[in-house]
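Given only the sequences and the hints, what does the whole structure look like? Please build it.
This is what each chain is made of:
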Amino acid sequence: EADIYQTPRYLVIGTGKKITLECSQTMGHDKMYWYQQDPGMELHLIHYSYGVNSTEKGDLSSESTVSRIRTEHFPLTLESARPSHTSQYLCASSEWQRNTQYFGPGTRLTVL
Amino acid sequence: DAKTTQPPSMDCAEGRAANLPCNHSTISGNEYVYWYRQIHSQGPQYIIHGLKNNETNEMASLIITEDRKSSTLILPHATLRDTAVYYCIVRVEMAAGNKLTFGGGTRVLVKP
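Chains as they are written, first to last, in the numbering used here: chain H, 228 to 339; chain S, 600 to 711.
Note that these hints are calculated values from the structure, not bench results.
By construction, the Cβ of each residue, glycine as well, lies at the ideal position given by its N, Cα and C atoms.
Where hints are given, some of them may not hold.
Claimed, not checked - Selected chain H positions facing chain S (Cβ under 7 Å, derived; list incomplete):
1. TYR237
2. GLY241
3. GLY243
4. GLU269
5. THR313
6. LEU317
7. THR327
8. GLN328
Unchecked claim - Under the rule of at most 27 Å between Cα atoms (straight-line distance), these lysine-lysine pairs were calculated in the DSS-like manner:
9. H:LYS258 - S:LYS602
10. H:LYS258 - H:LYS284
11. S:LYS668 - S:LYS710
12. H:LYS245 - H:LYS284
13. S:LYS651 - H:LYS284
14. H:LYS245 - H:LYS258
Rendered as structure tokens:
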């Protein structure tokens with residue numbers, strides 16, 4: 228069982244609010260990822276990190292930002308949420324030279 | 600990454616073995632076969648991976664043909680909780696890239 232956690236699991240907020248989605252893992256993994264997935268659709272990588280102080284944008288352009296101050300935490304922030312940000316956000320982590328990614332349960336975000 | 604082909608859906612009787620095929624005829628010598636599954640509204644879950652030898656763990660068995668152009672994931676005793684979309688992914692184990700590309704997968708429905 229993977230030790231990767233996301234909070235909140237569900238979030239409903241109004242347009243214009245600033246939100247932070249939390250992701251933490253206790254496996255000591257260097258690499259962490261954020262994916263976005265709409266219902267029934269494929270996962271799209273929006274951010275990843277190789278380690279502390281490393282962040283990169285993924286394949287899908289996103290207005291969100293991330294930070295990696297500690298190995299175990301990889302929070303995602305939306306400065307001003309909009310209805311187009313409504314989606315499921317999935318966090319994952321992996322060891323440095325391994326492709327096996329372990330996913331958290333996801334945060335389902337609804338922006339009204 | 601090599602392309603994979605999976606049937607879009609299949610049904611399985613509870614308690615019986617579920618055999619999920621995957622074709623990857625363009626697989627390279629250093630590419631592994633990974634299997635993940637995604638239960639409705641949850642994050643993807645790693646199941647198993649292998650290079651050329653058959654692999655078994657507590658969740659499933661992976662049978663890779665001798666020419667490595669196809670593989671079969673076996674769930675030995677399917678339960679209702681195994682209902683999910685199963686993804687076959689082919690990738691080098693220590694890829695420089697980061698994202699996992701989840702294609703359409705096979706939607707498995709385990710019936711009582």
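For the pair supplied as a hint, H:LYS258 and H:LYS284, is the alpha-carbon distance within the 27 Å limit?
-> 13 Å, holds
Take a quick look at whether S:LYS668 and S:LYS710 sit within 27 Å of each other, Cα to Cα.
-> Outside the cut-off at roughly 30 Å; violated.
Does the structure keep H:LYS245 and H:LYS258 at a Cα separation of 27 Å or less?
-> 26 Å, holds
Should the interface hint for H:GLU269 be scored as holding, given a Cβ-Cβ cut-off of 7 Å against chain S?
-> This hint holds: H:GLU269 lies near chain S, its Cβ roughly 6 Å from the closest one there, short of 7 Å.
Given H:GLY243 as an interface hint, is the shortest Cβ-Cβ distance to chain S below 7 Å?
-> 27 Å, violated
Taking 27 Å as the top limit, are the C-alpha atoms of S:LYS651 and H:LYS284 close enough?
-> 34 Å, violated
Pair hint outcome, H:LYS245 versus H:LYS284 [Cα-Cα no greater than 27 Å] = Given that 27 Å is the threshold and the Cα spacing comes to 20 Å, the pair holds.
Does the nearest C-beta of chain S fall within a distance shorter than 7 Å of the C-beta of H:GLN328?
-> For H:GLN328, the interface hint holds, since the closest Cβ of chain S sits about 6 Å away, which is under 7 Å.
Have a go at the H:TYR237 hint: is there a Cβ in chain S nearer than 7 Å to its own Cβ?
-> 10 Å, violated
Residue hint H:THR313, partner chain S, criterion CB-CB below 7 Å = Violated, because the Cβ-Cβ distance from H:THR313 to chain S comes to roughly 14 Å (cut-off 7 Å).
Does the structure keep H:LYS258 and S:LYS602 at a Cα separation of 27 Å or less?
-> Between H:LYS258 and S:LYS602 the Cα gap is close to 24 Å, so the pair holds against 27 Å.
Hint status (Cβ of H:LEU317 to nearest Cβ of chain S, threshold 7 Å) = 5 Å, holds
In this structure, the hints that do not hold are numbers 1, 2, 3, 5, 11 and 13, in rising order.
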